[in-house]
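Put together the whole structure using the sequences plus the hints.
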Amino acid sequence: MTEYNSILKADALTIAYAGAPAVRAVTLPIYEKKITAIIGPSGCGKSTLLRSFNRMNDFVADVSHEGQIRYRDQDLYAPEVDPVEVRLRIGMVFQKANPFPKSIFRNVAWGPEINGMDGDINLRVETALRQAALWDEVSSRLDDSALNLSGGQQQRLCIARALAMEPEVILMDEPCSALDPVSTAHIEDLLFELKEKFTIVIVTHNMQQAARVSDFTAFMEMGHLVEYGETDQVFTRPTETRTEEYVTGRFG
Amino acid sequence: MNKVNPLIVSDQLARRQWLSRLFKHFCTGVTFLAVAILGVLIFQVSVAGFGWLDWQFLTSFPSRFPEKAGIYSALVGTLWLVTLTASLAIPIGVLAAIYLEEYAPKNRFTAFIEVNIANLAGVPSIVYGILGLAVFVRFMGLERSVLAGAMTMSLLVMPVIIIAAKEAIRAVPSSLRQAAFAVGATRWQVVRHHVLPSAIPGILTGVILALSRAIGETAPLIMIGALTYVAFVPEGPLDEFTALPIQIFNWTARPQETFHELAAGGIIVLLAILLLMNATAVYIRYRGSKR
Numbered sequence: 001m002t003e004y005n006s007i008l009k010a011d012a013l014t015i016a017y018a019g020a021p022a023v024r025a026v027t028l029p030i031y032e033k034k035i036t037a038i039i040g041p042s043g044c045g046k047s048t049l050l051r052s053f054n055r056m057n058d059f060v061a062d063v064s065h066e067g068q069i070r071y072r073d074q075d076l077y078a079p080e081v082d083p084v085e086v087r088l089r090i091g092m093v094f095q096k097a098n099p100f101p102k103s104i105f106r107n108v109a110w111g112p113e114i115n116g117m118d119g120d121i122n123l124r125v126e127t128a129l130r131q132a133a134l135w136d137e138v139s140s141r142l143d144d145s146a147l148n149l150s151g152g153q154q155q156r157l158c159i160a161r162a163l164a165m166e167p168e169v170i171l172m173d174e175p176c177s178a179l180d181p182v183s184t185a186h187i188e189d190l191l192f193e194l195k196e197k198f199t200i201v202i203v204t205h206n207m208q209q210a211a212r213v214s215d216f217t218a219f220m221e222m223g224h225l226v227e228y229g230e231t232d233q234v235f236t237r238p239t240e241t242r243t244e245e246y247v248t249g250r251f252g
Numbered sequence: 001m002n003k004v005n006p007l008i009v010s011d012q013l014a015r016r017q018w019l020s021r022l023f024k025h026f027c028t029g030v031t032f033l034a035v036a037i038l039g040v041l042i043f044q045v046s047v048a049g050f051g052w053l054d055w056q057f058l059t060s061f062p063s064r065f066p067e068k069a070g071i072y073s074a075l076v077g078t079l080w081l082v083t084l085t086a087s088l089a090i091p092i093g094v095l096a097a098i099y100l101e102e103y104a105p106k107n108r109f110t111a112f113i114e115v116n117i118a119n120l121a122g123v124p125s126i127v128y129g130i131l132g133l134a135v136f137v138r139f140m141g142l143e144r145s146v147l148a149g150a151m152t153m154s155l156l157v158m159p160v161i162i163i164a165a166k167e168a169i170r171a172v173p174s175s176l177r178q179a180a181f182a183v184g185a186t187r188w189q190v191v192r193h194h195v196l197p198s199a200i201p202g203i204l205t206g207v208i209l210a211l212s213r214a215i216g217e218t219a220p221l222i223m224i225g226a227l228t229y230v231a232f233v234p235e236g237p238l239d240e241f242t243a244l245p246i247q248i249f250n251w252t253a254r255p256q257e258t259f260h261e262l263a264a265g266g267i268i269v270l271l272a273i274l275l276l277m278n279a280t281a282v283y284i285r286y287r288g289s290k291r
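So the sequence lines, in the order shown, correspond to chains S and H. All the letters of the first sequence, read from the start, carry residue numbers 1 to 252 under this note's numbering. All the letters of the second sequence, read from the start, carry residue numbers 1 to 291 under this note's numbering.
A hint or two may mislead.
[Unchecked claim] Some chain S residues judged to face chain H by a derived CB distance under 7 Å, without partners named:
| hint | residue |
| --- | --- |
| 1 | L88 |
| 2 | M92 |
| 3 | N115 |
| 4 | M117 |
| 5 | I121 |
Hint data in this document are derived by calculation from the structure and do not stem from the laboratory. From the three backbone atoms N, C-alpha and C, an ideal C-beta is built for every residue, glycine too.
Okay, here's the thing in structure tokens:
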């Protein structure tokens, strides 16, 4: 695994809510332009870990971190780091599609605009919508409210919104858990194309999805990272018995 | 219990259904009683005062002679009072609500502040009058000006505005804030572009209800010494003034029957303004919910 380039790395990371640890001493490198899946039963700390990668945990009261998260060579939680800058480089797609109650165009254009990004905004919106495989469906009605889109379209719009920022890493927190199988397949196809340009970390409770889309898989349980490796190996030749029990569906 | 055909209503169920219907009729009756009382009030006031409602009534100053008397100074005074109160209480109240919901850390101190804002909303208005008299009229030397009245009224309605605005801001889903933060927005950009636009119908409803209360309040104005007989209109915020409820109070206190009818006319004007404001609140809420 050493031939890959790690862009993000949790290093002995412990995250606690009000003193109760949710993530315990996790060391996890995220490799550039790969898809990394984090799987595990509910409450295992996978979402907490994901949200620490772009400092979305900052909004939770009484959260504390130990250890480090390094983005290239920078500690993300160093005092001189501005979390807004972090989120420009590391975007996020949430479990439930959360478009702004504005037009389709405004949803994608807002992020680049408030951050003063250069270039033709129309082109940027179109590129992002094309990358998210949504352009053909919405190009004729960009001024319609985003809330009129279907659930699957809304989630792809949220992906386009993240892509428009040209981040290096995109974090996805169970992005398909509220979608039907067809929309899910759409987004999984999309992931394969996106990894040409972006690094993707996806939290999922759907093991088949992890097996289908990811290059690397991390299995977490009760805050611990139980096993981490290439997806193929984790699913077919796991080294830990807990991993084997989980991926074969014996618990969880 | 009828075991053969379980769909036949048992005695026990019949009793429960009867109780259920009784409760429905009871609630209906109480509702209509409340509306009926309001109806009687409006009817009585209309009978007494409607004959006095004309252009002359709206554009004349008060007078010793009922046929020449009008509410011009009180109406203009009330408009001054509400405008000044709005421009003081709305910005301060809304900003306080934004601070408490979006910025303030959740600790004992802010919890203490929030509880006390709720308590302030329940303080009798005469107490605000005493405070206004001591601080604005005497200590700050604003005399019996419409500004002193508006500052007193602002104190009175500010808790209501803060509470309504807090509720409206809290109702904005946190997923919307997270979406905005995730594309690199600062707290101010999140508030300015997403939280406030979503919360504005709720905020405005609260603001209008609060201002309706300010229009109807009498006690604090009497306390700070708003005049009861005014033959001029205020030309600036430091001028003396009177207001509709004071004028009504003044006329009701006179022995002559004709002045009581004038008071009824004043009440109709006051009610009309209140209903207009409440209708605006309903309309804004309706438009906000449709979006």
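When the structure is checked against the list of hints, which entries are broken? Sort them ascending.
4, 5
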